[in-house]
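Order-wise, the sequence lines are chains A and B.
Under my numbering, the first sequence is numbered contiguously, ending at residue 282.
Under my numbering, the second sequence is numbered contiguously, ending at residue 1453.
A portion of the hints provided could be inaccurate.
[To be verified] Think about it this way: if two alpha-carbon atoms lie no more than 27 Å apart in a straight line, the pair counts; the simulated DSSO-like pairs of lysine-lysine are:
| no. | chain 1 | residue 1 | chain 2 | residue 2 |
| --- | --- | --- | --- | --- |
| 1 | A | K141 | B | K1342 |
| 2 | A | K141 | A | K156 |
| 3 | A | K126 | B | K1163 |
| 4 | A | K126 | A | K141 |
| 5 | A | K202 | A | K156 |
| 6 | A | K245 | A | K202 |
[As the list claims (entries may be wrong)] Just the calculated beta-carbon pair ranges, DEER-fashion:
| no. | chain 1 | residue 1 | chain 2 | residue 2 | range |
| --- | --- | --- | --- | --- | --- |
| 7 | A | D153 | B | I1299 | 45 to 55 Å |
| 8 | A | G163 | B | D1298 | 54 to 64 Å |
| 9 | B | P1280 | A | Q164 | 53 to 63 Å |
| 10 | B | H1296 | A | R124 | 17 to 27 Å |
[Unchecked claim] So, partial list: chain A residues that the calculated Cβ filter (under 7 Å) puts toward chain B:
| no. | residue |
| --- | --- |
| 11 | L94 |
| 12 | L122 |
| 13 | G129 |
| 14 | P131 |
| 15 | G133 |
| 16 | I139 |
| 17 | D140 |
By construction, these hints were calculated from the structure, which means they are not laboratory data.
C-beta: ideal position from N, C-alpha, C; glycine also.
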Amino acid sequence: MNERQPILEAQGLVKRYGQVTALDGADFELYPDEIVAIIGDNGAGKSTLIKALSGALQPDDGEIRLDGERVHFRTPLDARRAGIETVYQDLAVAPALDIAANIFLGREKRRGGPLGGVLRMIDKRAMRREATRHFDELKIAVRSIGQPVETLSGGQRQGVAVARASAWARRLAIMDEPTAALGVKETAQVLDLIRRVRERGLPVILISHDMPHVFELADRILIMRLGKRVAVVTPQTHTMPEAVAIMTGATKAELEQAMTKDEPT
Amino acid sequence: MTTTDPTPLEQSEARPGPIQVMRRIVATPAVGPFIALVLTMAFFSFKSDRFLQGQNLSLVLQQVMVVGVLAIGQTLVILTAGIDLSVGTVMAFGQIVMTKLAVANGVDPLLALLLGILACVGFGFLNGALVTGVRLPAFIVTLGTLNIAFALTHIVSNDLTFAPLPSVLGYFGRTFTISHTDITYGVVLMLVLFAVTWFALNQTAWGRHVYAVGDNPEAARLTGIKTNRVLLSVYTVAGLTYGIAAMLLVARTGIGDPNAGQTTENLDSITAVVLGGTSLFGGRGTVIGTLIGAVIVGVFRNGLTLIGVEVIYQYLVTGILVILAVSVDQLVHRRRL
């Protein structure tokens, strides 16, 4: 048994869309300082699970606990207020705005005194300084924190999104296919970055189609099938073909064997 | 992104050929428009001795003040990737409300002014509500309100003009003199409004959100920006600028005219914004560029008149200018995709 309390925990999540059951009693745990990957075939329920955890949809049944306390996220904003940040695959940045503006978008810092209070002036210098600090901590190299995001490569743009998430996430970050839109080299850079985010003490939930990346990065791998969590494996206990077998339901024996290794070691 | 191997980034930034340099200059806000303005003024000062005289330049600014203020609202709307076709007729309606109330109904002129401006704010709010609430394209919404405002202008005015106006309504048409050059109070008001809008767009969170909503609405929404609220505020503030433009128009012409504001103002406001380097795709542009764009439009109209070109050719030139400016925007935009 793991004695630590999970940061985020879900039990028996159910989500139905008419006749279709997208989540059929799914469970989930995320412990401090770990990267948990969620894998599963298309329609296995991983994106529904993620949406439930990030507040993008409300489950019909089941419960979600954050640091042991029951939470009900009605919107992604609720989840964000609770300290959960999400990085999306499709580079959700404003390309014409500069890096610092993107990091602080929707959460701009205002200046002190009457300039901020009356004129509602934003403190660009402080925001740049803080954005630079985040970039330095994550070792993201850019020419200038004031350059428009559109002048960056795809990997760097996703770096902006990851830096934003790690800057604001107090509890955990969800990375939803963060490398799906990227080339090989840029993908490697973003994976490095996700590792550094975890090293700074922020647990990460990673959703990815890419098995090698998942096995390279994840501490634990949660396998979804038909709306349920069918197994939790680790890169040490299982090989990639075994994980794929469980994912596709190829061998019953393998599946049962995997279920016994449900707990992290 | 990498620290181990930062060279690829720097390599991709290096070797800016002459074409890249040109493109970068064109893409830099307000630099391109400024060069265009200087070239245009050089051309007309070469063609006409009177062009560069203080009184003539003052006249250009006076002719620009109405379109300039309209173009402020138009800039805000276009920054959100919308467009407002109702500017001219909404201003005309506001102008009729002001003058009719003050002249025919004996309402206190200040109150009449306020109500006229409020009528324009109401139209702006309506545009915004339809764009956000019913999720209609701005083009269609404002084409509708263009016609509604046009009809209301003629219905309310009964096709009459209103004059003479109480002196309060003419305030912003008055001038003061600095070194033998007359400067209209309305021009000063226009410049102040440009400054205020520049401040709001560049120094407040609201301004950032306006850019973000036009740039990538989905990203803006995901970061928690209430995009509909931003859009509604933009259209409403735009309505306010049309109301102020109506006030300036009345001050300049001295009458309430149901046929005013319905010919060149619409296209001129869009022309000013586009010439000023604001992208019709939203998210990029500056209000300073719009000021330069509005002056370019004014310089062309004034200069062509000075050198004796018939009025109809001014339309021709304006049309060509818009298409040129939009083509540049399209080229710059395509490069970014």
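So which hints don't hold here, by number, going up? The structure conflicts with hints 3, 6, 8, 10, 13, 14, 15 and 17, although it agrees with all the remaining ones.
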